[in-house]
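Going line by line, the protein sequences match chains D and Y. When we follow the working numbering, the leftmost residue of the first sequence carries the number 1, and every step to the right adds one. When we follow the working numbering, the leftmost residue of the second sequence carries the number 1001, and every step to the right adds one.
No lab work stands behind these hints, which were simulated from the structure alone. Incorrect hints may have been included.
Here are the computed lysine to any residue pairs in the SDA-like style, where the Cα-Cα straight-line distance is at most 20 Å [what the hints assert, rightly or not]:
{"no.": "1", "chain 1": "Y", "residue 1": "1179", "chain 2": "D", "residue 2": "5"}
{"no.": "2", "chain 1": "Y", "residue 1": "1179", "chain 2": "D", "residue 2": "6"}
{"no.": "3", "chain 1": "Y", "residue 1": "1179", "chain 2": "D", "residue 2": "51"}
{"no.": "4", "chain 1": "Y", "residue 1": "1179", "chain 2": "D", "residue 2": "10"}
{"no.": "5", "chain 1": "Y", "residue 1": "1128", "chain 2": "Y", "residue 2": "1005"}
{"no.": "6", "chain 1": "Y", "residue 1": "1179", "chain 2": "D", "residue 2": "42"}
{"no.": "7", "chain 1": "Y", "residue 1": "1179", "chain 2": "D", "residue 2": "47"}
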Amino acid sequence: MSQDHERTIELLAGYMLLALEGEDSAEADRLLSEHVPACLECRSALAEMRATMGDLALAAPPVPAPDLVLARIRHGIADVPVRRRRGAGLVALVASVAALVGMAGFSLSLGSRARDAEAQRGTALAVLNAMQQPGADPVPLEPSTESTGALVEISGPDLETMYLYGSDVPAPQPGNAYQLWLGSGGSFTPVGQPFVPEGGLVLLELTVDPSLYDEILITEEPIGVAPSVPTPDGGHTWRASI
Amino acid sequence: MQEGDRLDLELHRRLSAGDRSAFEELYGRYSAAAYGLALRVTAQEALAQEAVQDAFLALWRAPEAYDPSRGIFRSFFLSLVHHRAVDTVRREERLRKRTERASNLEPVTGEDVAEDVVEGSYLAVRRKEVREALQTLPPEQRTVLEMAYFDGHTQARIAEVLQIPIGTVKTRTFAAMRKLRQALDGEDAA
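Build the full structure now, drawing on both the sequences and the hints.
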């Protein structure tokens, strides 16, 4: 194993343990999107680490879950499908983007993987501006599960760019990344690179013509494997009609 | 693949078709392991319950998230629980408070008989193997692995607590994971 690979896999071990932060986390994101998909050695190491993580869970002693946990789960199941309010959280989202713009040195996950704080701040400003454009149409994406974070797509008749902003977005399973899809008439196209939220934040800037599409999906996909084209009624993590 | 893993696969197939009894059977098989893990990570009952609840609901709502070609169901689901537990504890920003409480929740080893009552013996065998494999690790490697996995600490925090360079934490973590895998692969081959 080369020294570079040793270091890469060492970093991925920390990633699988959810133990990275700061520059290491950003570097792992970059490796997972740019290097690992084409590297058999790294994909194999990831698969082994995934199995190890699953086994390690058993070192904790089992404890019977209180009855109320099952009762709550049954209640949750009865509520399926959970439909999130449309638009109700928009004001809060606008406020949170505005807060981001005002933050110094924040770090976001960008589709371009740009790590420059100024570039990120600029994108956040662009999102804020887009939200305030006449005719802008921010659309909250509906999550498949109750606990997933809030994501909103922003586009409009006078905008040549589509933005995706999210907060409190949970990280995908270790070894996975999120993939954005745009659909038209039930046919979907992957858009942009797979992404992983950083600190729960997502900020994607997409150069697309939104008028060509009627649906947006985000799926969770294993890194290094070509994503399966979703179907309209298939699995997804977030979706919205646009 | 073990018999228990094959049964999980069948239950997952039925769950994917909307079979609620299959879901409840999976709950019966994994709720104790999931809650024990979540309790170990969060050290707070309310947070552990939330993590377990989130994980099972996510499984019900999106069973397709598990891809059998990527490993056994148990690994997938317990990783999901672990992920939710770490997310939960970090979100609540209670890591420091939890450290004190965790001392009262150290895993008790050598109680497989009692654990057999809590859950099926199909997990108890593997649990014993994992604990034995962990014991084969050099203490300094086992420590960083457990601090990351069970205490939810970042590598930077581990370096701070142990007062060692973060590079050493990374090296020990990787070495621990590799040795653990080798030890468990030996068990699998036996």
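Hint check:
1. Y/1179 <-> D/5: Judged against 20 Å, a Cα distance of about 18 Å means the pair holds.
2. Y/1179 <-> D/6: 15 Å, holds
3. Y/1179 <-> D/51: With a Cα-Cα distance of about 13 Å, the restraint between residue 1179 of chain Y and residue 51 of chain D holds, given a limit of 20 Å.
4. Y/1179 <-> D/10: 13 Å, holds
5. Y/1128 <-> Y/1005: Holds, because 17 Å separates the two Cα atoms, which is no more than 20 Å.
6. Y/1179 <-> D/42: 17 Å, holds
7. Y/1179 <-> D/47: Status holds; Cα separation ~15 Å.
Hint check: no violations occur; every hint is consistent with the structure.
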